[in-house]
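All chains should be built: construct the whole structure from the sequences, respecting the hints.
Below are the chains, spelled out letter by letter.
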Amino acid sequence: MAEVRDLDGAMALYKEQERICRETGNKVGLQACLTNQGGLLESHGEMNEAQVLHALALRKEVAHICRELGLNRELGKSLVFQAVHMRTIGHYSEAIPLLEEAYRIESANGLTRLSETIKSILVATRQQAGLA
Amino acid sequence: MQEEREELVKQIFPQLRRLCESRGVTWGEVDLRWGVPDEAKAEGKVLPLCLAEIERCRPYFIGLLGERYGWVPEEIPKELLAAAPWLNEHRKESVTALEILHGVLRIPNMAEHAFFYFRDLDEAMVLQKEKERICRDLGNKLGLIGTLGGQALILKARGDLDGAMALHKEAECLCRELDYKEGLGNSLSNQALILNEHGDIDGAMTLHKAAEQIFRDLGIKKALSASLGSQATILSARRDLDGALALFQEQEHIYRELGDKDALQTCLNSEAAILGLRRDLDGAMSLFREQGHICRELGKKEELQASLGNQAMILKVRGDLDGAMALYKEQASVLREMGDMNGLQECLGNQASILQKGN
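Chains as they are written, first to last, in my numbering: chain A, 1 to 132; chain B, 1 to 359.
Hints may contain errors.
As the list claims (entries may be wrong) - Derived PhoX-like pairs (lysine-lysine); straight-line CA-CA distance at most 25 Å:
no., chain 1, residue 1, chain 2, residue 2
1, A, 119, B, 329
2, B, 329, A, 27
3, B, 222, B, 209
4, A, 119, A, 60
5, A, 27, B, 45
Unchecked claim - Residues on chain B that point at chain A, a partial pick, calculated with CB under 8 Å:
no., residue
6, 49
7, 82
8, 348
9, 351
10, 356
11, 357
Please keep in mind that the hints were generated in silico from the structure rather than gathered at the bench. The model shown is predicted, which means the values in this text are computed figures rather than measured ones. Beta carbons are placed, not taken as given, at the ideal position from N, Cα and C, and that holds for glycine.
Written out as C-alpha cells, the structure reads:
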C-alpha cells in the first residue's frame, strides 16, 4: 500500500467522510472534504469531460459553503479552480467573473504571488474570450 | 467551570451516550470551550468555528453559565462580518454572548429546544460567610482558613481575582501564625494560579516554587505533583521545553509511585507533546504508546483515540504509511464506538490523504 497511491481507496474514504459531514451538518468538514475530492480528481492527470464537470460541481459547492462560513481564503482558491475547469470546457466568458472575484479576494488577503498568477490567467482568459 | 466540565465528561456524557445507544440513537456532545486547536485560536478562527458548530447542532442548544461574562475578541474577522452582518451590532460582546445570540436569542423558534442552567454560587457564598462568622466568634482559626479559601475559590470562579487574592492572603497570614504548613502551601499555590491568570508569570512561578518546597518538606506527593504540573505548563508556554520536560518527568515519577494511572496518562501525553516539539519522535512515540496502553486499560476512549491519532501522525511523518494507516483505522474504530462523528470524519480524511499521496 505504501508503495503506490490508491486513488480509488482515497476517494471511497473521502465519500464516507462527505456522507458523515452531510449527515451531521458539519460544513467546515464538508468543505475540506469536497476540496480534497476535487484535488484528487484533478491529480488524475488529463480529465475527461465528465470528470471536469464533476470537479467543477465539487468546487462550486465548496465556494457556496465558503461564502456561507466566511472562509475567504478557501473561497478564492475554489473560484480559481472553477475558472480553470470552465476554461477546459471552453466556457471562457463564465470563467472571467470567477477569476475577477478570486483576484479581488486574494489581493485583499495580501497574497501577491497568487494574485499575480490569477491576474495572468485572467488576461489569457479575456483574450481567449475575445475581450482583450 | 472546570469541575462542572469534568463531572459532565466523566459521569453524565457516558451515561447519556449509553442510554441513546440502547435506543439506537447516536449521540455526541459539542463543547464550544474545548478542543479548539491552537492554530485556529492564533488565526482568529475561534468565533467562526463556534458559530459553525452551533449551526451544526441546530435545533438543540444547552447553555451552562458560570459567573464570567467571557472573553471579548479584539476584532471579528472581516469575512465573518460579511457572512453574518448582525455581528456588526455586537462588536464589544463576548464570544459566549455571541454564541447565545446566534444559537437562540436571534431565532424565536429555538425557545422550545434551548435550555440554560446557571451555577448558584451565591448560596454557597452565604453558607461560607456564615461559617466565617461562627469561626471568628469561636476564634477557630483553622476553620477560618478553610472558609476563607473556599470563599476565595468562589470569587475566582466569579472572575473577582483581586477579591480572591485578598482572601488567600488573609488565609496565608493565619497559616503562618499557626505554622500550618500544608495550608500555607495550598494558599500559595492558589495565589500562584491567580497571578498566572493576571499575567504575572514570574510572580506565579515564585509562589509555585515556594509551595513546591513546602509540599516536598512535608512529603505531600499529590499536591507536589500538581505544583510541578502547573510550573511545567508555564515553562512550556514560555518555550522552556527542557525545563518543562524535567518537571513533567518528576511528576510522572510521582504518579508512578502513587499508582495514579489516570494522572499518569495525562502527564505522559504532556511529555510526549514536548518531545514531539523537540523533534524527538522516537521518545514521543514511546510515551504516546504507553499513554494509549493505560487509556485502553482504564477504558478512557476519548484519550485513547487522541493518542492513536498522535501516534499515527508520527508514523506518517516518518514515512511509515502502513503503520500510520493501521493506527488511523484503530482510531476510527474507537471513534465509531464513541459515536464521535466529527472525529471520525477527520480520521477518514487523514486515511484518505495517506492513500492519495502514497509513498
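Results for each hint:
1. A:119 / B:329: violated (43 Å)
2. B:329 / A:27: holds (24 Å)
3. B:222 / B:209: holds (15 Å)
4. A:119 / A:60: holds (21 Å)
5. A:27 / B:45: holds (15 Å)
6. 49: holds (7 Å)
7. 82: holds (6 Å)
8. 348: Where the cut-off is 8 Å and the nearest Cβ of chain A is about 4 Å from residue 348 of chain B, the hint holds.
9. 351: OK, holds: residue 351 of chain B within 8 Å of chain A, min 5 Å.
10. 356: holds (4 Å)
11. 357: Where the cut-off is 8 Å and the nearest Cβ of chain A is about 7 Å from residue 357 of chain B, the hint holds.
The structure fails to meet hint 1 from the earlier list, while all remaining hints are met.
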